[in-house]
Amino acid sequence: SAVISQKPSRDICQRGTSLTIQCQVDSQVTMMFWYRQQPGQSLTLIATANQGSEATYESGFVIDKFPISRPNLTFSTLTVSNMSPEDSSIYLCSVDKDRVGYGYTFGSGTRLTVV
Amino acid sequence: DAKTTQPTSMDCAEGRAANLPCNHSTISGNEYVYWYRQIHSQGPQYIIHGLKNNETNEMASLIITEDRKSSTLILPHATLRDTAVYYCIVRVAQAVSGRRALTFGSGTRLQVQP
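So the sequence lines, in the order shown, correspond to chains P and Z. For our numbering, count along the first sequence from 1 and bump the result up by 115. For our numbering, count along the second sequence from 1 and bump the result up by 890.
Among the hints, a few may not be true.
[Unchecked claim] Computed spacing ranges between beta-carbons, pair by pair: (1) Z:Met900 <-> P:Gln153: 17 to 27 Å; (2) P:Gln139 <-> Z:His930: 42 to 52 Å; (3) Z:Arg990 <-> P:Gln153: 19 to 29 Å; (4) P:Ser174 <-> Z:Ala892: 16 to 26 Å; (5) Z:Pro966 <-> P:Gln166: 21 to 31 Å; (6) Z:Arg990 <-> P:Gln137: 31 to 41 Å.
[Stated by the list, open to error] Covered, in the sense of this in silico footprint (three residues per stretch, anywhere, with C-beta under 8 Å from a C-beta of chain P), are these stretches of chain Z: (7) 933 to 939; (8) 991 to 998.
[Said to hold, decoys possible] What the simulated footprint calls covered on chain P by chain Z, stretch by stretch (three residues with Cβ under 8 Å from a Cβ of chain Z suffice, anywhere in the stretch; the number is not a length): (9) 142 to 152; (10) 223 to 229.
Hints in this document: simulated from the structure, not taken from any laboratory. A virtual CB, placed ideally from N, CA and C, is assigned to each residue, including glycine.
Chain Z with its partners taken away, still in its complex shape (with noise of 0.2 Å):
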């Protein structure tokens, strides 16, 4: 799995876009970007993924630079359940990683300020 480098915190006003970047630029052409979180004192949670397009759902958008050496989550309205510990992982597609267990950085402690 590629690194990643994250911000250790960020601050965010509740109500503003929260902007969480990541940067990963030993990427491999087959290596996917990957979102969790985990909420204090409960087990991490997917968010999203993507490969090269931008990717949106309900609960976020990913932004992947074209270089692929970075990226971005976006939650478009921070509320303060949103505040909790994010990381982004970075690896090959599920169905072709062998069913290997996901390997975690320190990820960004996003704090949402009311």
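Chain P on its own, in the form it takes in the complex (with noise of 0.2 Å):
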């Protein structure tokens, strides 16, 4: 199984700063999924982090703007850069794990508005 801890679970931003987010896994695993959830939209892949290797980000990410670090197989962390309220959003982090062993395991997601 896996348990995702994420943070902060929410925060307030000013334009033009950066804000960390955080991913903790209870166990170790190879992949680990950043996603971004606009405010009544379906969830959108930001990138892919494995361990040991540079993020891989889909069209329309980049990573001066989502820079990713994957230190350990149980750690990443997602920033987003010079903020402006249009990445005012939900950000989720996903494992390829869950107890049951079929599905992916999301945490809780970080709330961000940026004023």
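Grab the two chains, each in its own frame, and use the hints to assemble them into the complex.
Here's what the structure looks like:
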């Protein structure tokens, strides 16, 4: 099974600043995934983080804006840089492991509001 | 991953069965149907999955048509806590997928009414 601790759960930030979101998993996992969920929308994959290598970003997302670290098999961070109000979203991390062995586990999300 | 089509929203009376349909007419032979749900302010949660046989667990039942082009998730006795967005996802088995991320469509917003 996998349990994910994601923090902060929410934050209100000033435009132009950066926020780092942490995702801690209680067991080792190979891949970690970061998603963005804009208000009223579905989840959109930002990037895939594999320990020991550079994250792979989806179209429309760049490393300068969303740098990701993956220092070990249980931890990852996503930074939202130089924020603007358009970055106001819920950010979620996920791993391909769950208690029954078939599904993916998600963190509870970070609700970010940029003012 | 095969494309899926779900109704945008549905209502269900508390205590009644909620039947959530999903069309996946381009599904391949080795692709499974997965269902997740996202309760407000939480991350998505795995519900159930199946290949071609009907499946049941403690949360729900999954009915897949014989031609596998559509399926229905059934919550037998919906409660207010089942109010959520339900996502139908079609993809190869996790062990085969190479650890790719899940891709989410728009899902169905289920509102359980008291």
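Here is what the structure says about each hint:
1. Z:Met900 <-> P:Gln153: 17 to 27 Å: Check passed, 23 Å falls within 17 to 27 Å.
2. P:Gln139 <-> Z:His930: 42 to 52 Å: violated, 24 Å
3. Z:Arg990 <-> P:Gln153: 19 to 29 Å: Since the Cβ atoms of Arg990 of chain Z and Gln153 of chain P sit about 22 Å apart, the hinted range of 19 to 29 Å holds.
4. P:Ser174 <-> Z:Ala892: 16 to 26 Å: holds, 20 Å
5. Z:Pro966 <-> P:Gln166: 21 to 31 Å: About 41 Å separates the Cβ atoms of Pro966 of chain Z and Gln166 of chain P, which means 21 to 31 Å is violated.
6. Z:Arg990 <-> P:Gln137: 31 to 41 Å: violated, 23 Å
7. 933 to 939: holds (count 5)
8. 991 to 998: holds (count 7)
9. 142 to 152: As far as the segment 142 to 152 of chain P goes, the hint holds, because 4 residues have Cβ atoms under 8 Å from chain Z.
10. 223 to 229: holds (count 3)
When held up to the earlier numbered hints, the structure conflicts with 2, 5 and 6 and fits the remainder.
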